[in-house]
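Asker: Residue numbers (full-length UniProt numbering), protein chains in the order written: chain Z, 1 to 320; chain D, 1 to 320; chain W, 1 to 320; chain G, 1 to 320.
Misleading hints may appear alongside valid ones.
If several chains are the same, the list does not tell them apart, and a pair holds so long as it fits within one copy or across any two.
What the hints assert, rightly or not - Once the Cα atoms are required to be at most 30 Å apart in a straight line, the calculated DSS-like pairs of lysine-lysine come out as:
1. Lys-214 to Lys-83
2. Lys-316 to Lys-279
3. Lys-235 to Lys-90
4. Lys-2 to Lys-84
5. Lys-214 to Lys-84
6. Lys-214 to Lys-91
Keep in mind that the hints were calculated from the coordinates and are not lab data.
Number of protein chains: 4
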Amino acid sequence: MKRIAVLTSGGDAPGMNAAIRAIVRKGIYDGLEVYGINYGYAGMVAGDIHRLTVDDVGDTISRGGTILYSARYPEFKDLEGQKKGIEQLKKFGIEGLIVIGGDGSYRGGAALTKLGFPTIGIPGTIDNDIVGTEYTLGFDTAINTVLDSVDKIRDTATSHVRTFIIEVMGRNAGDIALWAGIGSGAESIVIPEIDFRMEEVVKEIRAGRERGKKHTIIMLAEGVMQGTEFAEKLKEYDNFHTRVTVLGHVQRGGSPSARDRVLGSLFGYNAVQLLEEGKGGLCVGIVGSELAYSDISETLNTKRDVPYLSLYQINKEISF
Amino acid sequence: MKRIAVLTSGGDAPGMNAAIRAIVRKGIYDGLEVYGINYGYAGMVAGDIHRLTVDDVGDTISRGGTILYSARYPEFKDLEGQKKGIEQLKKFGIEGLIVIGGDGSYRGGAALTKLGFPTIGIPGTIDNDIVGTEYTLGFDTAINTVLDSVDKIRDTATSHVRTFIIEVMGRNAGDIALWAGIGSGAESIVIPEIDFRMEEVVKEIRAGRERGKKHTIIMLAEGVMQGTEFAEKLKEYDNFHTRVTVLGHVQRGGSPSARDRVLGSLFGYNAVQLLEEGKGGLCVGIVGSELAYSDISETLNTKRDVPYLSLYQINKEISF
Amino acid sequence: MKRIAVLTSGGDAPGMNAAIRAIVRKGIYDGLEVYGINYGYAGMVAGDIHRLTVDDVGDTISRGGTILYSARYPEFKDLEGQKKGIEQLKKFGIEGLIVIGGDGSYRGGAALTKLGFPTIGIPGTIDNDIVGTEYTLGFDTAINTVLDSVDKIRDTATSHVRTFIIEVMGRNAGDIALWAGIGSGAESIVIPEIDFRMEEVVKEIRAGRERGKKHTIIMLAEGVMQGTEFAEKLKEYDNFHTRVTVLGHVQRGGSPSARDRVLGSLFGYNAVQLLEEGKGGLCVGIVGSELAYSDISETLNTKRDVPYLSLYQINKEISF
Amino acid sequence: MKRIAVLTSGGDAPGMNAAIRAIVRKGIYDGLEVYGINYGYAGMVAGDIHRLTVDDVGDTISRGGTILYSARYPEFKDLEGQKKGIEQLKKFGIEGLIVIGGDGSYRGGAALTKLGFPTIGIPGTIDNDIVGTEYTLGFDTAINTVLDSVDKIRDTATSHVRTFIIEVMGRNAGDIALWAGIGSGAESIVIPEIDFRMEEVVKEIRAGRERGKKHTIIMLAEGVMQGTEFAEKLKEYDNFHTRVTVLGHVQRGGSPSARDRVLGSLFGYNAVQLLEEGKGGLCVGIVGSELAYSDISETLNTKRDVPYLSLYQINKEISF
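All chains should be modelled from the sequences, with the hints used to inform the complete structure.
Answerer: In structure tokens form, the structure reads like this:
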């Protein structure tokens, strides 16, 4: 293998640049040429491909976002697009590909490998909802960003009796809400994986009030419902003086945390090694604190076993 | 004068603790006893008053919020409440009062002084909308908090063609939007002091797009309209792929900036001095980079002359 | 068991408060009374012990340092002191103890358990040098703090040809230097676990210079030698225009990261559970991403097998 | 005037990029071409000059350092170098220059103007030691950076009786030490402008100890002496368990604060306007909260009247 390429796809995540940097540098260290593809699979099909040098990734490890831009490109599920993409890569003499992103990126990578173009996946999404790894790139930064905001809200929460509903990202996965909920001492955590009864939330708030608590924090994953909707439902029980904060896109940005920088470096380094070993159709991950590889296709067909659900119960016992 | 008291009122603001700390320490340095009143005027009327020692303000200069809690208490505009409040203060032998807050706090302070109880006002609100000072306590921290969030959003804004509408605090004053707009290089700034035409905003976005800009940032003061409403109006012209972020209560919190800590220290120090000189009915402020005093009642009757409006025009010429 | 106590010992670390909070709340949730001991073993012997309520740990999860203060107290290795300590605890009816700290704390805990007083250890130190856990409380925050400083230094490093030597904590363990080195893209990492040859560092700097790099960052663990000494030795080879930055005590402080807050919560929660199950002489930890327990005495007699040394080689291949 | 150029010189400072951005955009808005000179006067003499577009300054307002690099170049005081520099500028058709930096930059600017090449100075240095402005670009960010570090040190300072000596930048000016000293509640501030007696510092530490204070913070400007030297002198009186932290180059970096971004934008905007009005030999500044201009040569011959010395006395009365 002489030439490899890398792209980022789907929602961007802090740490993607650390992975790109490691891919470029490890590749060059091993004598390869490394190419960057702009705007994910869309750019691949369009041929938006350029050589990356060591300088191109200089001082990028501390930057949020992705220097290769990212895009969603659902059209890539069509065989035609996939073939066109491979054609474009071959024009540049590229023989292996690394894709950084979530489920959609993985699906593309599996398809390309099936067509004979070896592709390695790196789990990059703040949602932490990828099978085959305990942590995805960007998750650690995102939960720190959420905590930073909640800490600020807490500062100002003492003056009145108030209930703050913090809506965080996570359509299918409650990981951000769970970790940030524990980390901020939220009285209630509401996530898609666990059915919740509004009566119980009401009970938790009232119990806090009786104990003299002035403010309550409810950490709500967007996948359950919107913060404003939650507030309205809560109002049917009592006036808890709710305030809704939707953290939104802030959660995707920011300089990556130490862990996401190290994780991105490890993922990138190992993805290059896999390509060098002639492997494709694999995705890298962290399992049991060790680097691990899984088959992308299997990964996509496996239901995620949320490993941190015990945190949910623990929080009930330490944040009442 | 042997005993003085301090309270915080209205929305809390970073730097209030720095002011309280300076009042307590300067007072004690000069041989006074200093009392803290919890929950603003409400606590004053209720007699929620306690002696403050040097230890009580230890390690508070870096903390957001207010250790004296804050509350809105519109009932204090009634003479009865005011008299009851003075009565409570006299029970503790308190002879002078410092109130930290916005307009409402000032109104209370003017009324108390008129009733013979010397009161000094310190401008504490993130909105920067108080006459008699160029900067209010908390404004500097708030604009830094806004920038921190917008920087994160920018990280993630490059992947798609998008228009981010950032709704920031400021019911009557556009100061936060203006400063944070300049500081984040926002393409459009929309504030209550200046009529805006949606056509112009549309023109600004389109001009950027033609020049190849991938994202547009619109900094919107809540006093003009809500972010979601703005997004809908914008949609009538074209689909600019808007995303609305409402920064909300995050803006009130956070460890105070260097400037708010110094400002709070200066304000607190000087407020004590004014009381010691037997003065009341004044508010402290920064004018022309110097400490200055004005009559509270005059302040309340003066329309604010926004000193920074030229920033609005400057931004048009450097953030097109 | 009706009453338990907790102390922090040795150098403080961010996340200790999260652990104390979890101990207090989990204990109270289960019907126990929880006591805090100030100043570690010194305070235990002196009887500086007080009941902790839920309010005492309110809003502490985001605070650096330890609300129970910490102290080194080498005298506690004497049997007499240990017996005196147990006596003090028994005065309060305390039947189990949790100690948060490093090796010294563990040694005390093992001794107390041997004397019949069940004690559980929680690994709390920024150095990450405790056997029985992959991560210690405070390590994650510390590496983020280091990166924050190095990012700032990088901003200013482009103007001249310069070599920045960053001396970080770690007397016996290179973990901070290793992780922060990877995370900041340091050209050289120098740690106690791996012999280094100055010739190689010189080669690395020169290679970078030839490739056009303007600045070099060397991440140096204090356990190898002081930064100034390193700079002098380097000077014997060439004038690399070195600047030494000793990060010092800054590394111990700061609001704990998300991970240290969650880790502290888990450790605290599980330590209480162990005491409730009648166990003593154990320390909690994270092994293979799972909570795990080990025998304290064994832990103290086991040489640490540094699990991350591969990072050292990886960095050579991605930060040349 | 059709073409103007900008350079940064001396030590870099956060906010320089905001000024460069405003110069480029305001210039282009007004129909000018704007050139950037790399590496200050050295690059000017060497002809390291290139056209700057709006894209070149995109997303730079939030970045520390300077995208034009900076350099010290004492040789520029020779007439020959100055003439050579003007020659280079003329090759590109450049008719006016803006220099961002400190005293040295101003001296160059005055010399160029005298030779008929209109030059405007912008005060850019974290030290705040330039005549003709109350605040220099970078000062506000630097004091916030110092406070961030001292807040972390405070977290960890409670366990033992300790005296932290924080050495901050400021060879001739105590502004950083003064503002950061107030902002961190330092018990002693030691600056070049005010003679200090070690006896007094000793008295201040002892007074705090007697009142039960566990830690003391001394904010020391490097211009007085080094932190380690100070610690040794202090030791002659008593063992105060001192710890020295030298903040060093960290102070120059970091994303600029809101104020430095706005200040840089204003300075840049107005410097362009001055050139357009045919003026040279002036420097911009903030005086009495208003933009102001002074003659560079006069500025260089005027002894700075430190406007904030009253802060020194105030701190004695609120941080005892």
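Asker: For every hint, state whether the structure bears it out.
Answerer: Quick rundown of the hints versus the structure:
In this assembly of identical chains, Lys-214 and Lys-83 lie within 30 Å of each other by CA distance solely across copies; the values are 29 Å between and 60 Å within a copy. For the identical chains of this complex, Lys-316 and Lys-279 are inter-copy neighbours only, at 24 Å across copies versus 45 Å inside a copy, given an alpha-carbon limit of 30 Å. Taking CA atoms no more than 30 Å apart as the test, Lys-235 paired with Lys-90 passes in neither setting, with 60 Å inside one copy and 42 Å between copies. Proximity of Lys-2 to Lys-84 under the C-alpha cut-off of 30 Å is restricted to the intra-copy arrangement: shortest distance 21 Å within a copy versus 48 Å between copies.
With identical chains, the CA atoms of Lys-214 and Lys-84 are at most 30 Å apart between copies only, with a shortest distance of 26 Å across copies and 60 Å within one. Proximity of Lys-214 and Lys-91 under a CA criterion of 30 Å is satisfied inter-copy only: 28 Å between copies versus 64 Å inside one chain copy.
The earlier numbered hint that this structure contradicts is number 3, and it is the only one.
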